[in-house]
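Using the hints provided, position chain U relative to the given structure of chain Z.
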Amino acid sequence: MPSISRDEVAHLARLARLAVTEAELDLFAGQLDQIVAAVAQVGQVADQDIPPTSHSVPLTNVFRADVVRPGLNQQQATAAAPAVEDGRFRVPRILGEEA
Amino acid sequence: MTELTRLTAADIAAKVAAKEVSAVEVTQAHLDRIAAVDHAVHAFLHVDTERALAAAKAVDDDVAAGRPAASPLAGVPLALKDVLTMQGAPTTCGSKILENWQPPYDATVTRRLLEAGVVILGKTNMDEFAMGSSTENSAYGPTRNPWDLDRIPGGSGGGSSAALAAFEAPLAIGTDTGGSIRQPGAVTGTVGVKPTYGTVSRFGLVAFSSSLDQAGPCARTVLDAALLHEVIAGHDPLDSTSIDAPVPPVVAAVREGATGDLKGVRVGVVTEFAGDGYETGVAAAFTAAVEQLRELGAEIIEVSCPSFDLALPAYYLIAPSEASSNLARFDAMRYGLRVGDDGTRSAEEVMSLTRAAGFGAEVKRRIMLGTYALSAGYYDAYYGSAQKVRTLIMRDFDAAFAKVDVLVSPTTPTTAFKIGERTADPMAMYRADLCTIPSNLAGNAALSVPCGLSDGLPVGLQIMSPALQDHRGYRVAAAYELARDAAQGGPLINRVPELEVVH
Numbered sequence: 001m002p003s004i005s006r007d008e009v010a011h012l013a014r015l016a017r018l019a020v021t022e023a024e025l026d027l028f029a030g031q032l033d034q035i036v037a038a039v040a041q042v043g044q045v046a047d048q049d050i051p052p053t054s055h056s057v058p059l060t061n062v063f064r065a066d067v068v069r070p071g072l073n074q075q076q077a078t079a080a081a082p083a084v085e086d087g088r089f090r091v092p093r094i095l096g097e098e099a
Numbered sequence: 001m002t003e004l005t006r007l008t009a010a011d012i013a014a015k016v017a018a019k020e021v022s023a024v025e026v027t028q029a030h031l032d033r034i035a036a037v038d039h040a041v042h043a044f045l046h047v048d049t050e051r052a053l054a055a056a057k058a059v060d061d062d063v064a065a066g067r068p069a070a071s072p073l074a075g076v077p078l079a080l081k082d083v084l085t086m087q088g089a090p091t092t093c094g095s096k097i098l099e100n101w102q103p104p105y106d107a108t109v110t111r112r113l114l115e116a117g118v119v120i121l122g123k124t125n126m127d128e129f130a131m132g133s134s135t136e137n138s139a140y141g142p143t144r145n146p147w148d149l150d151r152i153p154g155g156s157g158g159g160s161s162a163a164l165a166a167f168e169a170p171l172a173i174g175t176d177t178g179g180s181i182r183q184p185g186a187v188t189g190t191v192g193v194k195p196t197y198g199t200v201s202r203f204g205l206v207a208f209s210s211s212l213d214q215a216g217p218c219a220r221t222v223l224d225a226a227l228l229h230e231v232i233a234g235h236d237p238l239d240s241t242s243i244d245a246p247v248p249p250v251v252a253a254v255r256e257g258a259t260g261d262l263k264g265v266r267v268g269v270v271t272e273f274a275g276d277g278y279e280t281g282v283a284a285a286f287t288a289a290v291e292q293l294r295e296l297g298a299e300i301i302e303v304s305c306p307s308f309d310l311a312l313p314a315y316y317l318i319a320p321s322e323a324s325s326n327l328a329r330f331d332a333m334r335y336g337l338r339v340g341d342d343g344t345r346s347a348e349e350v351m352s353l354t355r356a357a358g359f360g361a362e363v364k365r366r367i368m369l370g371t372y373a374l375s376a377g378y379y380d381a382y383y384g385s386a387q388k389v390r391t392l393i394m395r396d397f398d399a400a401f402a403k404v405d406v407l408v409s410p411t412t413p414t415t416a417f418k419i420g421e422r423t424a425d426p427m428a429m430y431r432a433d434l435c436t437i438p439s440n441l442a443g444n445a446a447l448s449v450p451c452g453l454s455d456g457l458p459v460g461l462q463i464m465s466p467a468l469q470d471h472r473g474y475r476v477a478a479a480y481e482l483a484r485d486a487a488q489g490g491p492l493i494n495r496v497p498e499l500e501v502v503h
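Those sequence lines, one after another, are chains Z and U. Oh and the first sequence: position 2 is 2 in UniProt numbering, straight run, nothing missing. Oh and the second sequence: position 94 is 94 in UniProt numbering, straight run, nothing missing.
Hints were generated in silico from the structure; no laboratory data involved. What you are looking at is a predicted structure, and each value in this text was computed from that prediction instead of being measured. All C-beta atoms in this analysis are idealised placements derived from N, C-alpha and C, irrespective of residue type, glycine included. Heads up, some of the hints might be wrong.
Stated by the list, open to error - To give an idea of the interface, some chain U residues facing chain Z are shown, with a C-beta separation under 7 Å as derived from the structure:
1. 101
2. 240
3. 345
4. 351
5. 367
So here's chain Z without its partners, still in its complex pose:
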């Protein structure tokens, strides 16, 4: 099993959209390495032919009748937004400078 390097933590943080400080990189690299080493024990069943379980309840798709039912109105939906403009969610630009 590979160990988790500082660079790898930085990569994971980018994937997870988490800004991390240099100090956090050091802390998390050590801790994640320790945790992954411990949980890697599950690898002992990797080669065995066992069906995976994603969920303890054997449910498949659950449907309901396709009828209109009450939902949130615009005011309720935007009431907790960090920024609202003209009744809509105002968000930062979504394209990079180079776009």
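Positioned in the frame of chain Z, the structure of chain U alone reads:
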């Protein structure tokens, strides 16, 4: 402390219905108690004084008008874990990212409580997004254990367990993903129940690990937990994983257990949950509890569940994997915290800065661990293997329940540890959930009932039942609770030290 805060929920409901006391008086007594001791305990993040009193008044009006009680718990105060939404109050999940967030809808559990005439006193503290075993991961500061204020009340539902042990509420709601109801129950000398997965709606329960999360009742007695269980459980079309089946007859099972006869009940002791890592006092209290079950007529059988040794590692892959996906919704766009939106930064930069500022260390660790476990190249080795372990654990339970009616173990290997003792060592913290995790992975019912003290600190007995057979555990727990009280000279919770009261 007034007598009213010492009463069980069942007694409060009976006295309110009989007009011996008003629901408003009961609610006020608990609000006064919170005002007097919560400075030291810090069980509550929000106290909903006015609406609690209004809800109590409505129950009193029903009683005065001769209308039938809305439920067997009408007029009883309750503390709600801050991971369940309730309109008109903040839902923070113990996180800065949701500070002051006002949800636009009620959780189904909340709605059922309100419709039952239960008086919601406020929202309780918890590890951030329910990730933790000590409540130290709350962004709003730790909750303290009423048995020893220097110790943790368990987690993630430490606010709910501490509120019960501090007599701030006779009932509470918790949520249990890896033990977050049962372990806090064990270390505070209170009863905590994780119902069968899918029997209590997750609608309005802010998701941590969707295939494991389950809300359940917390109380000071087994009967009170059962009464609350029947209020909150039941099929909900708003939760697609909700099971469309009758609620197990848990209150009837408590009444049956209270006859004190467990003849014909086969109790399995899990071989794997003993030995190294289990405190001597915990092992001793557990052994004594098993002896008491034998004296009540139960047949005791040792049962090996070899895959349980892999439950902890499998859990710490599955739960973080699901969490990394679930917590992606905290993106600073539609609700919650937003940081760094200065007109120059992109949405992605704002998102990263917000999540860095809004999430605590344990949440970040788990998001990154889950992201790692789900990465291309590692998926089969980690997440895939963990899912295979989950199958093996379900098979172990199936084999065990072919031989016995319930399984028992200590709820957690140690008594309440000191605040700060494990915060620097995540793996040591994770081991608090060693015995509780298998029932989350398999989805079956499990509860913790207090079984004695070790060096003055409570120990919990875990009783596990097959899926949808929740009543089996309640029956055994109720019989045991009576025998324990008789043998130990009264309810264990009465030995909690008096807290310093501020007037």
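Exercise for review: Return the numbers of the hints above that this structure violates; sort them in rising order.
Suggested key: Result: no hint breaks.
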